[in-house]
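Asker: The lines below spell out each chain.
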Amino acid sequence: MPSPKPNVVHPHLRPNQIGLTIRDYEGSMSTLCAGCGHDSVTAAIVRSFYELSTPPHLIAKLSGIGCSSKTPTYFVGGAHGFNSAHGRMPSIATGANAANRALTYIGISGDGDSLSIGIGQLVHAIRRNVDMLYIIENNGVYGLTKGQFSASADIGSKSKRGEVNRFGPIDPVSLALDLGATFVARSFSGDKEQLVPILKAALSHKGFALVDVISPCVTFNDHEGSTKSYLYTRKHLLQLISADFVPFAREITVDYAPGTATSVRLHDGSVVRLRKVEADYDPTDRQRVASHLELHRNRGEIATGLLFVDKQASDMHDTSKTTEVPLAQIPYEKLCPGSAKLDELQKTFR
Amino acid sequence: MPSPKPNVVHPHLRPNQIGLTIRDYEGSMSTLCAGCGHDSVTAAIVRSFYELSTPPHLIAKLSGIGCSSKTPTYFVGGAHGFNSAHGRMPSIATGANAANRALTYIGISGDGDSLSIGIGQLVHAIRRNVDMLYIIENNGVYGLTKGQFSASADIGSKSKRGEVNRFGPIDPVSLALDLGATFVARSFSGDKEQLVPILKAALSHKGFALVDVISPCVTFNDHEGSTKSYLYTRKHLLQLISADFVPFAREITVDYAPGTATSVRLHDGSVVRLRKVEADYDPTDRQRVASHLELHRNRGEIATGLLFVDKQASDMHDTSKTTEVPLAQIPYEKLCPGSAKLDELQKTFR
Amino acid sequence: MIRINDFALKLANVNGTGSASANGLLMQAIFRMGIPVSGKNLFPSNIQGLPTWYEVRVSKHGHTARALDYDLVIAMNAETYGRDVKEVRSGGALLYDSSWPLDAELARPDITFLGVPLAKLCNEIFTDSRERILMKNIAYLGSLVALLDVDMAIIDELLQEKFSKKKALRDSNHRALRAGYDFAIEHFDCPLPIRLEKMTATDDRILIDGNTATALGCVYAGATVAAWYPITPSTSVMDAFKEFCAAYRKDPETGKNNYCILQAEDELAAIGMVIGASWNGARAFTSTSGPGISLMGELIGLAYYAEIPAVIVDVQRTGPSTGMPTRTQQGDILACAYASHGDTKHILLFPSDPAECFTLAIAAFDLAERFQTPVFLLSDLDIGMNDWVCPRLKWDDAYRPNRGRVLGADELEKMAKFYRYSPENEDHVAARSLPGVHSKGAFFTRGSGHNKLGGYTEIPDEYQEVMDRLARKHRAAARAVPAPIIHKQVDAAFGIVSLGGCNPAVREAVAALAERGIIADTMRVRGFPFGEEVEAFLAAHDQVFVVEQNRDAQLRTLLTMETSAPKEKLKSILVYGGFPLSSRHVIDGVTAQLEQRSAGSRVAR
Amino acid sequence: MIRINDFALKLANVNGTGSASANGLLMQAIFRMGIPVSGKNLFPSNIQGLPTWYEVRVSKHGHTARALDYDLVIAMNAETYGRDVKEVRSGGALLYDSSWPLDAELARPDITFLGVPLAKLCNEIFTDSRERILMKNIAYLGSLVALLDVDMAIIDELLQEKFSKKKALRDSNHRALRAGYDFAIEHFDCPLPIRLEKMTATDDRILIDGNTATALGCVYAGATVAAWYPITPSTSVMDAFKEFCAAYRKDPETGKNNYCILQAEDELAAIGMVIGASWNGARAFTSTSGPGISLMGELIGLAYYAEIPAVIVDVQRTGPSTGMPTRTQQGDILACAYASHGDTKHILLFPSDPAECFTLAIAAFDLAERFQTPVFLLSDLDIGMNDWVCPRLKWDDAYRPNRGRVLGADELEKMAKFYRYSPENEDHVAARSLPGVHSKGAFFTRGSGHNKLGGYTEIPDEYQEVMDRLARKHRAAARAVPAPIIHKQVDAAFGIVSLGGCNPAVREAVAALAERGIIADTMRVRGFPFGEEVEAFLAAHDQVFVVEQNRDAQLRTLLTMETSAPKEKLKSILVYGGFPLSSRHVIDGVTAQLEQRSAGSRVAR
Ligand SMILES: Cc1ncc(C[n+]2csc(CCOP(=O)(O)OP(=O)(O)O)c2C)c(N)n1
Ligand SMILES: Cc1ncc(C[n+]2csc(CCOP(=O)(O)OP(=O)(O)O)c2C)c(N)n1
Ligand code: SF4
Ligand code: SF4
Ligand SMILES: [Mg+2]
Ligand SMILES: [Mg+2]
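Protein chains in written order, with our numbering: chain A, 52 to 401; chain B, 52 to 401; chain C, 13 to 617; chain D, 13 to 617.
Misleading hints may appear alongside valid ones.
PhoX-like cross-link-like pairs, simulated, lysine-lysine; straight-line CA separation at most 25 Å [stated by the list, open to error]:
| hint | chain 1 | residue 1 | chain 2 | residue 2 |
| --- | --- | --- | --- | --- |
| 1 | A | Lys398 | D | Lys581 |
| 2 | C | Lys500 | C | Lys426 |
| 3 | D | Lys72 | A | Lys385 |
| 4 | D | Lys72 | A | Lys398 |
| 5 | B | Lys286 | B | Lys209 |
Simulated from the structure, these hints should not be mistaken for lab results.
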């Protein structure tokens with residue numbers, strides 16, 4: 052649960068720790084359909100960065116292609132963005148991260164972008180534990196190409212044209228868990244109270260943080276028969292864990308009763324506090340998380356919340372033993388072995 | 052456990068039900084390294100088809116690129132084969148199957164072919180439940196390109212050049228389970244007694260049957276430090292379930308004590324009998340299979356056997372409501388609506 | 013001056029507000045009045061809320077290329093008023109929603125402003141807010157009916173057909189239509205000088221978009237397997253194929269599908285499925301656009317080298333990269349002709365309108381199987397997604413597919429031994445065998461080096477022998493692709509070569525140039541490799557202008573490399589901004605080139 | 013007749029049996045004797061058990077192209093005896109393992125058979141079965157040392173270096189070597205008429221393969237991010253890069269890596285990583301071969317259109333499709349030049365030997381950043397995987413990378429507003445800003461339509477403006493790519509144009525032709541787009557032969573389309589069977605063309 056809002060009219064127009072207001076985290080006007088879930092996710096992202104006081108120019112926002120992938124234009128105008136190619140954002144983000152580990156990476160994708168054309172890259176970005184927040188704005192359809200089923204559409208879900216989906220859905224959350232992802236969460240675009248803390252925790256996680264956000268497509272997937280509509284989602288949503296993220300720098304006491312909360316210390320020193328909605332839930336036990344998910348899925352419930360986090364994760368750079376200085380910033384003089392070394396080396400080429 | 056061998060010298064040179072000997076199921080000479088695990092898998096495939104009495108020309112064998120993917124040349128010379136492109140066999144097999152559902156499809160792939168470049172296609176072939184046997188000849192390396200780590204290499208595994216792998220492995224078995232695969236098994240190239248029955252069961256399964264076969268690469272991954280070597284595998288192998296496949300046509304009594312076996316009736320009417328090595332193992336409960344796998348993985352054991360089978364599976368053609376006649380064989384006259392229909396239709400184009 | 017059946021309208025809307033329906037009704041009504049008409053939909057790559065335009069050109073002469081002068085603009089999008097007002101030709105008119113006053117800055121003394129209080133009218137009639145927005149479109153349609161003298165009976169008939177099962181909706185439409193109509197009659201001098209009058213020029217014609225026609229062609233060609241990944245502007249090929257299959261391809265006895273349509277996970281998988289299905293004997297195709305072509309590259313090379321038929325429909329859009337997904341271009345010609353690494357050459361077909369999409373789709377399958385190779389049908393967004401007035405499609409029930417050289421079980425049984433890549437016939441094609449037919453036909457298909465017997469090889473001569481045959485095979489296809497359409501004039505000073513959707517603009521331009529005494533022969537190529545007629549046409553002209561819609565003169569490149577014509581005589585006229593070609597582009601291009609030439613000859617050294 | 017330092021050997025082996033080490037030692041020893049030498053490894057696409065050949069050419073004249081006549085063949089593979097015996101030139105010799113009798117059918121009266129009982133010798137010395145097989149190779153090396161008069165001291169020195177830490181192995185090698193040597197001395201008339209004699213021609217030279225040199229170039233260029241997917245014959249680029257980085261790029265203080273090498277999941281991901289890293293300011297590259305190029309198509313178009321630097325090393329192999337992965341070709345020229353759908357054109361560099369792989373790899377980074385676009389380094393298997401004798405690499409410590417127009421924080425701070433795609437400089441390049449530097453530089457990179465300010469657009473003129481600048485930018489790069497290497501003769505009758513690895517064969521052929529009085533100028537192009545020198549050379553010759561290693565005359569196509577030369581004067585000489593080019597191919601090609609021409613002029617109408 053978020054900290055209580057102070058009694059002022061525009062609380063977020065107050066400057067944050069680095070003197071910026073929430074306006075400074077906004078982007079250009081959305082061109083998505085009025086009511087699109089993706090716009091709510093955008094708003095949550097804006098708020099998260101604002102609350103984290105991240106300097107905009109230290110954010111890199113990347114996406115593939117789709118309605119969801121358009122959204123990086125709509126937040127943090129002062130950050131560099133890259134609207135790349137369909138399904139290829141994970142590799143581009145991986146390369147970007149390799150070149151400069153000092154930035155905060157946020158990748159926005161859709162269920163089409165991530166689970167069909169891009170699933171290979173997603174899987175391998177997870178495997179490499181690339182340090183980034185990866186959001187899937189999951190609506191069960193291809194919005195931008197006008198409503199085909201995506202691979203996350205549920206069996207029996209009906210398209211706007213009346214077709215019924217007959218192929219089983221891919222659940223990015225359980226896929227990520229199976230692949231050893233180090234931070235896995237799910238939320239709902241309409242639930243900013245849950246989403247913002249999750250995003251903040253994910254942004255502070257060192258490693259790949261997958262956040263699957265059910266984000267209804269009002270134009271092509273918000274009718275009866277759809278299982279990713281606002282109505283359906285609200286009905287079947289089960290809030291498994293609510294996460295309240297507290298950056299280390301301004302840690303405050305929050306009113307969690309002891310015994311009902313478990314703390315996870317993230318790599319940057321910040322702390323995520325998790326409220327166990329269910330007594331036996333432990334987001335650090337991958338094995339039991341999976342069973343939990345399955346259990347709720349079988350009950351027709353969508354488990355949301357911070358579902359899994361691995362505190363020991365070593366990210367791609369740790370694994371690769373990369374130096375701390377961003378590679379893109381190492382002066383050439385440090386990179387070039389020089390003529391003497393070349394001469395020496397060439398003695399072995401004889 | 053297989054049925055006891057009769058007391059003749061070359062039992063398999065005896066004709067099978069359709070009058071063919073095991074020689075008729077062989078292919079051209081292998082050009083793989085002497086001792087390559089893949090050759091043992093080839094031998095098991097030969098025996099499986101022979102025992103199933105599948106007419107060679109009704110078999111279609113497909114592969115990607117790699118040492119493993121070369122093997123379809125080495126079995127069933129009388130079957131059509133397709134050595135396609137790296138990582139693309141699943142889609143080609145899917146299309147082939149779409150065109151002619153009457154053939155038996157066997158796809159051979161490697162861990163590189165399936166888990167890196169081809170993982171997207173593999174995932175979606177599973178999702179569509181394409182009716183085929185899909186074998187991954189899993190050696191933890193890229194054999195044909197001389198020994199780079201594949202995505203199934205274990206953390207800490209050492210390459211021949213001395214490098215240590217630091218990225219977590221993708222386990223095709225648990226991945227397939229998570230994705231809703233309808234037949235999932237694992238075996239070891241060196242264990243023909245286990246492999247042949249599994250392959251026979253898989254070939255008779257209606258839907259996508261994934262068989263992950265640990266198949267050591269003697270040239271690049273059979274040294275100390277490798278976790279896919281013969282030695283390592285023999286040491287850490289745990290036979291979870293042994294399957295003895297009995298085609299329906301010639302069902303015989305096998306000496307399984309009642310109570311220790313569970314029968315699964317496959318779609319073509321044939322029966323797989325599974326021996327529970329562990330009392331609580333039920334290969335039809337996806338949820339518990341996953342826990343089991345995880346359990347054994349944590350113990351450093353490789354669970355082998357027929358791990359999961361879904362009896363209710365409907366394959367791609369069921370889902371697509373395709374007609375029973377192979378599409379490639381429907382006469383054109385049945386496919387062309389003719390001029391009258393065209394004239395009628397065009398009234399609506401005004 | 014009264015101009016009957018010869019004018020152009022532009023309707024400026026916001027996308028996602030339901031204007032498509034009203035605009036389509038207008039176009040259809042004009043068509044049913046027997047008048048040649050064309051409609052170009054200029055829409056954004058977005059679902060809702062951005063500017064979108066629809067252009068209607070009415071031409072008693074049958075000129076259906078995009079017009080660049082608008083006699084009447086219907087300005088329904090306040091955001092683009094500024095641009096839209098500018099687009100009205102001097103002396104023309106602008107219809108706008110006068111519920112709100114017009115910005116004084118937009119005033120233009122040389123055009124007439126027709127204010128219709130559309131929002132007010134609809135707010136009075138309707139209470140539902142959605143309906144109020146939607147019905148504004150029908151209300152301006154009503155005004156247009158009055159202003160242009162559209163046959164009201166036809167509009168009624170169309171509404172009747174469209175809403176036959178939705179009476180409430182029909183009533184709403186009627187009321188809105190009437191409100192707009194009445195207002196116009198009451199306040200304006202109806203009809204305008206630009207107006208309609210019935211003709212009989214569309215009697216044996218249909219109104220159809222290219223993607224629908226392509227899909228229909230695939231059905232009639234006997235395609236049973238289709239695999240695709242959604243991408244604008246090709247998506248509606250598969251939507252239509254699905255619909256036609258549902259209508260015509262259910263087995264009458266079992267109700268089951270005599271087809272299988274696979275929505276692939278991406279384009280790499282889509283082409284893989286097509287190759288797999290074709291290898292297995294089905295007629296199979298995919299439809300895509302530029303990015304998909306790039307992704308299919310590797311497997312296209314496999315199909316080329318292993319000689320597997322495949323039909324690939326490329327509905328081109330503006331590249332490179334994501335480019336402008338809802339804009340047209342002819343930018344994939346080279347990418348398709350030489351798709352894939354290594355030495356490869358493919359067969360291309362260039363339909364010029366939906367009717368040819370139908371016939372060439374069928375030709376594509378026949379060629380793919382006859383030559384055992386990938387064949388590209390290169391359509392584009394303009395052809396594929398706009399409604400075109402076309403001659404009615406004809407079907408010869410005697411047609412049977414050309415499956416090429418495929419051996420049956422009997423033939424195989426009789427053979428001593430089957431070799432996949434020999435002997436070759438006069439097309440340099442060898443017989444193939446299909447899986448499941450006969451063990452003697454068993455063959456191991458591979459994209460790796462193979463000799464003419466089908467065996468694996470790494471021996472230079474054996475490899476080269478097969479590669480050389482493939483080159484000959486490609487050349488042989490020149491005789492088999494559809495011949496170019498050539499129009500010869502007496503005393504033509506030069507030739508114009510074009511392809512595909514350039515056709516209406518080129519034809520109109522040639523007519524206009526002829527009126528100025530500039531006479532040109534024209535050739536529209538319809539297939540690659542180029543055959544003798546193409547060679548002859550180029551040889552017969554000293555100067556040839558190549559009109560095409562891309563930056564890099566891709567057709568000219570292909571003509572240069574793949575005919576014997578000296579490149580010096582091929583001059584380019586290139587238009588590639590993304591909107592359909594208009595005759596003015598061609599006229600301006602030709603005259604500029606001619607001036608340059610005469611200037612050049614004056615200063616000749 | 014005694015022939016010193018001028019002959020060719022062919023060693024026929026079975027792969028995976030350890031012959032590479034023996035053959036390499038031979039080559040290296042000759043090199044250390046100061047004699048120009050070349051080695052061509054003709055190996056199968058397989059790991060063990062198939063035929064493999066190694067060809068050594070010794071040429072005091074410095075001709076290092078592949079020879080087609082073998083003076084001595086070492087036949088170690090019983091399976092290919094038949095072929096191998098045929099390959100010996102008349103008067104030459106064949107060395108074989110006489111542990112078993114030779115098939116009488118293989119007898120040839122015109123050559124000498126040198127039987128050495130290699131297996132027997134090794135079975136006597138060694139007990140371990142693996143050692144027995146491996147050491148046979150060293151034993152025949154011993155015989156060759158005697159037969160060819162290799163300097164034994166150098167062999168000793170090499171063994172000493174190679175097995176400095178493995179004494180047992182060194183001893184085994186010595187024993188096997190000695191056994192082969194002694195047998196030869198005892199039984200044959202040593203040395204043979206073809207023999208070696210020390211020279212000083214390799215003093216300032218090194219023995220290096222192209223992939224190693226490329227990797228070294230990437231290190232010296234300052235590349236910090238490399239992403240790749242294994243594929244023959246490019247894999248060793250990354251192997252070498254990894255080794256050099258481990259040696260030179262560990263931070264001295266922390267021991268951490270000043271580089272990051274990513275083994276990608278496939279080529280689509282590899283190029284994605286390169287683009288991401290380059291976008292973010294690192295120098296990044298990938299190395300691949302044909303199939304990878306096909307798979308990278310879509311993202312290459314993105315980098316072109318969004319103007320992101322990227323260096324792509326394509327070590328070409330024989331296509332199309334999987335083709336012959338262990339055979340060489342120059343078959344990806346067009347696939348690279350025009351990679352991706354839509355209108356795209358790229359910069360290509362063509363190294364001719366390992367030394368140029370080094371320098372052009374560095375040029376590739378400078379060009380990629382200067383022009384903000386993908387640059388292809390087109391090597392091939394022959395250059396990349398064979399050891400070449402090259403001039404020693406030189407390094408100028410004053411070199412600093414040309415990072416192109418990149419704005420720093422200070423510059424951005426001072427700007428009123430940053431626009432990504434304007435203003436342009438004389439190269440038609442605009443300044444870019446890097447993420448993480450300054451909020452004012454924040455820019456949204458996209459592969460969709462954009463205008464010159466960097467904003468999203470679907471407006472034709474705005475789109476075209478950027479596309480036209482990209483075309484100009486590509487043309488501007490013609491001034492910046494390395495100039496062609498031109499050799500002019502007095503009274504040359506024609507020109508020969510070639511590229512890359514054709515160089516040694518062309519140079520040798522030109523020398524041989526000159527001896528017959530046929531004088532040719534030559535030009536080796538080193539980069540695309542083509543600059544003025546290329547134009548001038550073509551203009552200066554009435555007849556130009558274009559020598560290249562592919563079927564479809566891809567370089568000729570590029571010259572035809574991208575220079576003003578009339579295509580009629582460009583004639584092709586094409587060799588594309590997959591083995592390295594030999595001078596005979598060129599000589600035969602040129603003389604055939606000349607005969608054809610004179611025949612043509614005789615029957616001229
Ligand atoms: C290579 C390629 N293929 C297809 C497309 C067309 N395309 C654009 S967006 C999209 C799907 C988007 O779906 P999703 O990722 O779920 O995003 P949403 O629009 O639903 O937010 C597709 C198929 C493309 N741009 N590129
Ligand atoms: C597009 C493409 N990229 C790379 C290659 C090179 N390549 C051939 S086989 C192979 C890996 C094979 O590994 P695996 O599938 O595990 O088979 P194995 O050889 O180990 O049996 C690679 C990368 C290729 N053929 N095509
Ligand atoms: S189509 Fe759907 S996903 Fe796209 S903007 Fe509209 S509501 Fe959102
Ligand atoms: S390299 Fe490895 S996988 Fe390939 S054939 Fe040899 S042993 Fe088998
Ligand atoms: Mg979606
Ligand atoms: Mg492997």
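Asker: A separate judgement is required for each hint: does it hold in the structure or not?
Answerer: Quick rundown of the hints versus the structure:
A threshold of 25 Å between alpha carbons decides the hint, and for Lys398 (chain A) with Lys581 (chain D) the separation of about 47 Å lies outside it, so the pair is violated. Proximity of Lys500 (chain C) to Lys426 (chain C) is assessed by CA-CA distance (about 52 Å); at most 25 Å being required, the pair is judged violated. As the CA atoms of Lys72 (chain D) and Lys385 (chain A) are separated by approximately 42 Å, the hinted pair breaks the 25 Å bound. Only pairs whose Cα atoms come within 25 Å are accepted, and Lys72 (chain D) paired with Lys398 (chain A) is accepted, the gap being roughly 23 Å.
Proximity of Lys286 (chain B) to Lys209 (chain B) is assessed by CA-CA distance (about 17 Å); at most 25 Å being required, the pair is judged to hold.
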